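Q: Residue numbers (the working numbering), protein chains in the order written: chain A, 396 to 887; chain B, 396 to 887; chain C, 396 to 887; chain D, 396 to 887.
Do not rely on the hints blindly, as some may be mistaken.
Listed next, the stretches of chain D that the computed footprint assigns to chain A, with coverage defined by at least 3 CB atoms under 8 angstroms from CB atoms of chain A [what the hints assert, rightly or not]:
id : region
1  : 693–704
2  : 749–755
3  : 800–811
4  : 850–859
Because the hints were derived from the structure by calculation, they are not lab data.
Note that the coordinates shown come from a computational prediction; the quantities given were computed from them, not determined experimentally.
By construction, the Cβ of each residue, glycine as well, lies at the ideal position given by its N, Cα and C atoms.
Number of protein chains: 4
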Amino acid sequence: MTNPTEGISAVPDPEDGDYLREKCGVFGVYGHPDAAAFTALGLHALQHRGQEAAGIVSFDGHHFHSERRMGLVGDHFSKAAIIERLAGSAAIGHCRYATTGDTILRNVQPLYADLAGGGIAVCHNGNLTNALTLRRKLIRDGAICQSTSDTEIILHLVARSAGAHLVEKFIDALRQIEGAYSLVALSNKKLIGARDPLGIRPLVLGELDGTPILASETCALDIIGAKYVRDVENGEVVVISKDGIESHFPFSPRKPRPCIFEYIYFARPDSVVGGKSVYDVRKRMGQELATEQPAPSDVVVPVPDSGVPAAIGYSQASGIPFELGIIRNHYVGRTFIEPTQQIRALGVRLKHSVNRSQVAGKSVVLIDDSLVRGTTSARIVQMMREAGAREVHMRIASPPITHPDFYGIDTPERENLLAAKMTLEEMCGFIGADSLAFLSVDGIYRAMGHNRRDPAEPQYTDHCFTGDYPTPLTDVIAEERAQKLSLLAETG
Amino acid sequence: MTNPTEGISAVPDPEDGDYLREKCGVFGVYGHPDAAAFTALGLHALQHRGQEAAGIVSFDGHHFHSERRMGLVGDHFSKAAIIERLAGSAAIGHCRYATTGDTILRNVQPLYADLAGGGIAVCHNGNLTNALTLRRKLIRDGAICQSTSDTEIILHLVARSAGAHLVEKFIDALRQIEGAYSLVALSNKKLIGARDPLGIRPLVLGELDGTPILASETCALDIIGAKYVRDVENGEVVVISKDGIESHFPFSPRKPRPCIFEYIYFARPDSVVGGKSVYDVRKRMGQELATEQPAPSDVVVPVPDSGVPAAIGYSQASGIPFELGIIRNHYVGRTFIEPTQQIRALGVRLKHSVNRSQVAGKSVVLIDDSLVRGTTSARIVQMMREAGAREVHMRIASPPITHPDFYGIDTPERENLLAAKMTLEEMCGFIGADSLAFLSVDGIYRAMGHNRRDPAEPQYTDHCFTGDYPTPLTDVIAEERAQKLSLLAETG
Amino acid sequence: MTNPTEGISAVPDPEDGDYLREKCGVFGVYGHPDAAAFTALGLHALQHRGQEAAGIVSFDGHHFHSERRMGLVGDHFSKAAIIERLAGSAAIGHCRYATTGDTILRNVQPLYADLAGGGIAVCHNGNLTNALTLRRKLIRDGAICQSTSDTEIILHLVARSAGAHLVEKFIDALRQIEGAYSLVALSNKKLIGARDPLGIRPLVLGELDGTPILASETCALDIIGAKYVRDVENGEVVVISKDGIESHFPFSPRKPRPCIFEYIYFARPDSVVGGKSVYDVRKRMGQELATEQPAPSDVVVPVPDSGVPAAIGYSQASGIPFELGIIRNHYVGRTFIEPTQQIRALGVRLKHSVNRSQVAGKSVVLIDDSLVRGTTSARIVQMMREAGAREVHMRIASPPITHPDFYGIDTPERENLLAAKMTLEEMCGFIGADSLAFLSVDGIYRAMGHNRRDPAEPQYTDHCFTGDYPTPLTDVIAEERAQKLSLLAETG
Amino acid sequence: MTNPTEGISAVPDPEDGDYLREKCGVFGVYGHPDAAAFTALGLHALQHRGQEAAGIVSFDGHHFHSERRMGLVGDHFSKAAIIERLAGSAAIGHCRYATTGDTILRNVQPLYADLAGGGIAVCHNGNLTNALTLRRKLIRDGAICQSTSDTEIILHLVARSAGAHLVEKFIDALRQIEGAYSLVALSNKKLIGARDPLGIRPLVLGELDGTPILASETCALDIIGAKYVRDVENGEVVVISKDGIESHFPFSPRKPRPCIFEYIYFARPDSVVGGKSVYDVRKRMGQELATEQPAPSDVVVPVPDSGVPAAIGYSQASGIPFELGIIRNHYVGRTFIEPTQQIRALGVRLKHSVNRSQVAGKSVVLIDDSLVRGTTSARIVQMMREAGAREVHMRIASPPITHPDFYGIDTPERENLLAAKMTLEEMCGFIGADSLAFLSVDGIYRAMGHNRRDPAEPQYTDHCFTGDYPTPLTDVIAEERAQKLSLLAETG
């Protein structure tokens, strides 16, 4: 039932769509006595994918158990008492953050529902692009919905499916949803993993002494000493039960198109995504950047921590020494994740300080992984100057971000994306650097091991740089149409 | 979505029916700028009907606002900050307790759902006797249910109704439910009150300077200086909107049959229920008891606080002086409401002490309103003896309780009802008194102003004393049948 | 160390004297394996003496253990985990409330200090009238003081005493303090109880199967089934150790002069104070009141709960029936204890409601135990009138309070005492009654079993009614002198 | 007053000395309207010096205000409401951690005391080596002590001094204490900073638009844009008032001997301590290490984050590429600071993961700043091997730690220091590396810019490596003597 602590629209508010976006990590294990403890450790390793809340559901052969908490995984799920309550040899877990203030416990995953044949719990990483449209239809049909969760939509579709058994119902639901999803679900008999037809969000299959494991990234396998088996394929539904692992491919076959941002920013550097070391890719982006955009400087300084691998690559390719010219204060979180613009603004002063001895009197080339609003870069350049840097050259190890995301990344509205509204020169002026340059789109593809982007069949989901969205944006179109109608009505 | 913190059955557990019973207070106000503050005060006055949790939902013309908290009304809803968040001129509220440990915030009412035509919030006092049966059917039809709330069933029935507008949907839902209910619901246009066809649980209509108010008892009108208008009738649906108040009677007309236990125990003594002062009725029960069951004693001692009015009546009718022979410690709650048998057992030592000066060397007649498990009485009799009472005569101002309730009163299982398993003599031995006597069933009816109970058409719901349940017990029968089938299967 | 959470004066602020007043309950047990559990139960029985915070210190033969909490005893000390941490066969405890907002954990007793010979913990009920004067001297001598606790002064005096052993040091400290105190102290060898030279605050000695117990009131003995042995005498220091119980009388002998307010208001009705049943005394006050101040009425209505025994006495002496014309809401605390005038004002509406059926159309005589500011009485009279009472006569079972207390009772400043600033007629007008009358001072003494007050050697501490303070008010005089000097300086 | 929540010795326990050690950061500002906000920011920058608790005391010209909290500075002191309560233009603050479980709010600094002439608040970084001895004497003289704080001893000495005014009292107290201390104190007139005669712990004087500032490190000046003025000298007492800054040198002049560990581990790399950039010094330690202890490897891998600067130096001096072969999980704290050995053991798995792509098949030289117990190193070497490293060579950028600290660093007991009980070969075996080597003592001094350590007058406090303690260890000697006496008694 819906019991919001904050205002709920009497009529569903189309702007609530803003709430639906989230970025998360998922994990599942089937058939090990330490299922919940492994899940807790796995979520801890995936903590960079969502720090706001975490939850685990286990099944002990008779009952489901659920523990969900606001805060970091280690704040709660490091406690023996909580892990002991999560009895059973199968478990799934989720860590998340939301893009707005509306994060309350009832939105924390896994979500659970009783079905006629038994219960099911579901975790979701990604974002559906037709969730609002589906939600309106469900409510018209008498469903009672929580206001703001894609995952609940999936549960409703499963519950209402005429499918003969759970897997059929589950696939039936998948056929109705659009967008990006890596799902992990647990029933009283099965652990299910699923990836959307393009494989936009990551999901890997691992194994520990014969126990199958599903996780967003390989770093969650490493922490428990599990082996990487393979990536779940795009459009694949993996069903794990006591009878083993079976794969379903309910969609017509397509080439995969994983999100390029996992490589640039999201995944942990020690993870292997789609068979490629994330650290290696980032270093190569730095090397490509050094080749494409040299900067005659005394010292290569990374914006910590996200710019470090690219800066090492830049240093090695250019021969300019790598130095920690900016020290990060570890007692605050990651800028990109701070909930409000105001805290983001404050954030940099609280988070970074200049290591004056490496900067004063020098020409500095600053390396960062990406440029979003530009406010952080502007502050860092200013700090460099105040510390006495002679020149400050900013190099970004990815292309300009010109388009917002709708697949589970919390990007700002388009009007807040620096590269969507300014020329290169204007951006350089905005951040106050002596020069600014980005890696090219083809540079990114080269760093990934391709000759160049294939415009006919792009190898990655890269709409943030290109505007080329890989799925229809059903909700966005519906909203635009609704606004157009309402404008007509007003003028009419 | 269902996200229990404790074990959830993989397959719905029929024994969870135990969780569905609750005893609560409801309140609603429509069209006053202080709607939420009035609701908070009303719930405070109704606090005796449920101390475990409370919630208020308001509507401000555009949005619903919801605040729900574990604990007493005064713990949270006395704070200006919380009341201010509950903006709007319409509000409903609920206070509750649950009969088991499973009380968590998501069960706290009002429950809210988005419907196609807008939101609706519902509060419920009572218990449905076909909730499990309806729930099974809803889940088969693809509804996603919380496991343990009658009120959610009602919301699902409303949401799925084909009714043309909200009132029609609401009445459609009422036609499917059985048992006892006093409901208060709030939509974006209307405040609705409803009482079951027999009017088992109470609901009154009041008015403050033209603002209509709904409340479980008149004491909730008194606290805000509102006037009592009339009781909502059995089977009546009252719809309050800006156009005024209209009444619907969707059921075939029946005589009312309110629950006699409201008079004996539940309602506050200063409330007027069904036109009768509760205090007066209780005093008359004491007077009838003095006539039916005299006790040659030095002093009339009430078991505080529930036995006080009957003891005053007993003293006045018998001429034996009334004295506070037992002092209650106000810093602990009411015995009947303690959640576990173990705390109930401890409770009496912590809650009552003997006023030795009024008891030592005397023959005492102890007056209580009812006898349930008998453990409290046994301890009090023992305390009297330890304090030097010469004789202890126990008089109960209601008949022996032989049958459990299914309409919203938390009675123990039948095997724990003392009068269901012992003769009068055995009961007297169990509690250790020199004599024990109960008011007769007809004595109760006389205290209520009738000559006697009308066996053809009993004036009150009194199955706890008579076994005469006023509605079919659909869930109970379904469970018994299921158990019978399973026994057949085992033997087969 | 002093670590206030709120503003601390750079120079000690003489107005902080206001903070020093408190009203408390104390308890101690020596030589029983359940020492801490008994102390918790004892404090629960003494909860009416202070609801704001509670603490227990135990000694296990090697170490002291301490648990102190804000809130009711039952909120925290009912938990097995806390009691288990309080290991040992000796324990003392304290419940308290403060008269201002400055209640924080560091002020919660027992207070503990390491002395050269070992630790000592002290609990205090009462108020010193020279605490500020002593404190100034201690700070001049280099002591580091908490700002607002009498009890700390006592600890400093003990620590600085040149006495040869603990009891000598303790008595040395007592010789320096003035005012009212019932103390319970625990060292690594002894349990000590002490009462001031006049025995203003109560303290009794009990015994459970040979284990000695100290408590503020006998009700704390009753709850654990302990026997009352005797009152600790005025000016007596009781020292309990494994060698038995020894008594010291360090002061020149004086007649006892216990506080009359324990009988009128503070003590629990089932306690026996100074050999007299508190309930009996209160009933006799009601009987004396009926004789002195008859009221031709239909019904005697107590102001609950404090006025109930006097109302029973009034009813029995006058023959007018006793009825519960006011119902108290048990889910809020006691008016006299609410911390602010504003909440006190709100309090009555939240706490009491009229039982209309007993009041409408009748002449009512309202009985209360005392009249302080008069605001509660005014509201109750108004509620009676609104409920339709024909006449309202207020009778108070004690004399007018004209003087503030300095011995541990939280009385308002003199200008807020109704009887200090109004004539009887004005007071009657203020509360809006048809008539108002008080019990006389001699009436109180008669109810206590004396012919009258002995003006030469008054049997009780009764300055609130008479202005006859039994000890010098050293701090008050010092402050008045300081103000006078500062006025001289200003004019000079 | 002492009110421990855990066991307190009846007689002060000499082993409690273990509790007295702490490592902290201090900050003070005098004469700026944003004094408290600056202090909060300064403490945030000093967070690496103590993460367990923080506190600020301000003075507004009339009153002191105090806020102290468990947890990180940013958890509490980022809130406007808390900063607003800390009114005034002068403030001091402290962040701390304790070496044992006994961290409770009453131990959190600043500590405050009322003195005859007004209040004083004190913050302390360091550890006194005669605190227990002084404490025993104070208690013998009647002082009431908290059990476990050096800082309280200083306050008692100030309070008891016969000095004519505060500065005299303060210096009088300093003359009695031994060991290491950087103090910041605030009275109603003055801000005082003081460093022990050898200047073991750091303290700098800064300035922001004319406002003087005291801080443990320059990074706390940088965060608020303040300028570094100079280090407070060893043995200097700086007194800041509205009349300006004056310096006192109450001790006979000595050469400074700052703690070498500030450079190796404690200070933040962007701080300038004693005129030297900490980052530069660490890099030079890595360079010296590369020269002294080369390792023929494919890749230089730092143990993050503490080993990073030395690894960069090692890489630059050796020409072996620097790579992030270990990824740190930022969502857990710093190993050295975890409170128990057990969590320390778990810690590494939760905190570090191998970046397999940089390690598999390679010969790795691991660089860390120091080696304490060796358990972290052993786990990291094992992780390297499991990830497929061909060879693992461990290089430590400081000498073997053979002696515990008594000046404010939380070192384990000597028997837990790996280098105190094993040969180099045994240590190498213990951690499982192919080779292990340390920087020499003279190497450290070279990195600091000296030719070598001057054995006659060592330039730094370096007893952890050399056993050369710079002050008498009065408490340690007293304890050893007490144990010897007790052995004599046993044998006698």
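Q: Hint by hint, say whether it matches the structure.
A: Cross-check of the supplied hints:
no.	hint	verdict
1	693–704	holds (count 3)
2	749–755	holds (count 5)
3	800–811	violated (count 0)
4	850–859	violated (count 0)
When held up to the earlier numbered hints, the structure conflicts with 3, 4 and fits the remainder.
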